[in-house]
Amino acid sequence: MSVLFLSGRTLAAALMTVSLTAACAGSTGTEGAKQSASKGATTTVSKPPAVPELPGGGTVLFPGRRMVALYGTPGNPQMGVLGEQGIDDSIARVRALTNQYRDLTPEHEIPAFEIISTVALGGPGRDGTYSRPVPLDEIRPWVEAAGKAGVYVVLDLQPGRSDFLTQAKIFEEFLKLPHVGLALDPEWRLTPDQLPLQQIGQVGVDEVNSVIGWLADLTKANNLPQKLFIVHQFQQRMIIGRERIDTSRSELAVAIHADGHGTPGEKMETWNDLLVGLPPGVRMAWKNFYDEDKPTFSPWSTMAVDPRPWFVSYQ
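According to this note's numbering, the sequence shown is numbered sequentially starting from -8.
For the record, the hints were derived by calculation from the structure and aren't laboratory data.
Just so you know, not all the hints are guaranteed correct.
DSS-like mimics (lysine-lysine), calculated; alpha carbons at most 27 Å apart, straight line [stated by the list, open to error]:
| id | residue 1 | residue 2 |
| --- | --- | --- |
| 1 | Lys285 | Lys167 |
| 2 | Lys160 | Lys139 |
| 3 | Lys167 | Lys211 |
| 4 | Lys167 | Lys139 |
| 5 | Lys160 | Lys211 |
What follows is a list of derived Cβ distance ranges for each label pair [unchecked claim]:
| id | residue 1 | residue 2 | range |
| --- | --- | --- | --- |
| 6 | Arg131 | Arg86 | 18 to 24 Å |
| 7 | Arg117 | Arg86 | 33 to 39 Å |
| 8 | Asp79 | Glu283 | 24 to 30 Å |
| 9 | Glu260 | Gly232 | 21 to 27 Å |
| 10 | Arg235 | Val42 | 25 to 31 Å |
Yeah, the Cβ is synthetic: ideal placement off N, Cα and C, and Gly gets one too.
With the hints as constraints, model all of the structure from the sequences given.
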């Protein structure tokens, strides 16, 4: 119980107010009636703004939905199928691909784009990081069109010698939208003496968790629905201290994206290895390659993978 202490002057003023209020309440005059009505007015409490919904409805990603995505960079077909056609054709293509999964799971299937938003470079680039952010004006039309079409968007980062948090902040305006999530690709996270394509990169869990904390805070501050947060992996060594990934933030759904390629046996070997020591609360995602897989998994065989992936991308 809280107690309110009043000074003598404040108490006297309060008693006078009570006295005047009582007099007004007993008055039959018009002015007294107006004051009485004013004192008895109902106070309206404003409600917090509603949380915008995700594509497909609701504000929590899983377990009510699974996602099927085209992966790549707009305008660059060498980096994935997303770059093989323009925006409208990409939306039509991912919808057609998603429709192939419709009767394979009880969950609602949602189309998605995974857009490589910072691209690893063979040279140092302007800032010496061996990574180039795709200009925001090039990504914005894709993000906007996807939102209107009910397509979820994941922004993928290849940081080179930069770090994931620095690069994530470049795209803050997009991450403030309800249909945009984030992916980290440690294959392209290099130390100051490494070069792209000469080794497989890796990231420490503290750097991953710093992005989780920042993105979760951004989601909460902007009253957004839950966001998808992906970390790509095809070797255990790619995420140092993976067992300590922070899954405590309900603002994010955390997933490990197994993006190894090869024969079905090789892909399942990678998948099963990544399941060892998987932190509680982390979901699994899968990638199908049109060219590198031999053969590419069908939608049926993809959904037969155990455990069934929540996010499937095509490169």
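Structure-based check of all given hints:
Taken as a hint, the Lys285 and Lys167 pair is broken in the structure, with Cα atoms around 39 Å apart against an allowance of 27 Å. Proposed proximity of Lys160 and Lys139 is supported: the alpha carbons are some 24 Å apart, at most 27 Å. With a C-alpha separation of about 10 Å, the suggested pairing of Lys167 with Lys211 holds against the 27 Å cut-off. Among the hinted pairs, Lys167 with Lys139 is consistent with the structure: their alpha-carbon atoms are about 16 Å apart, no more than 27 Å.
Restraint check: the Cα-Cα separation between Lys160 and Lys211 comes to about 16 Å, which is no more than 27 Å; the hinted pair holds. Checking the proposed 18 to 24 Å range against Arg131 and Arg86 shows it holds: the Cβ atoms sit about 21 Å from each other. Taken as a hint, the range 33 to 39 Å holds for the pair Arg117 and Arg86, whose Cβ atoms sit roughly 37 Å apart. At roughly 28 Å, the beta carbons of Asp79 and Glu283 sit within the given window of 24 to 30 Å.
Checked against the given bound of 21 to 27 Å, the beta carbons of Glu260 and Gly232, roughly 23 Å apart, stay inside it. Between Arg235 and Val42 the beta carbon distance is about 29 Å. The supplied range of 25 to 31 Å therefore holds.
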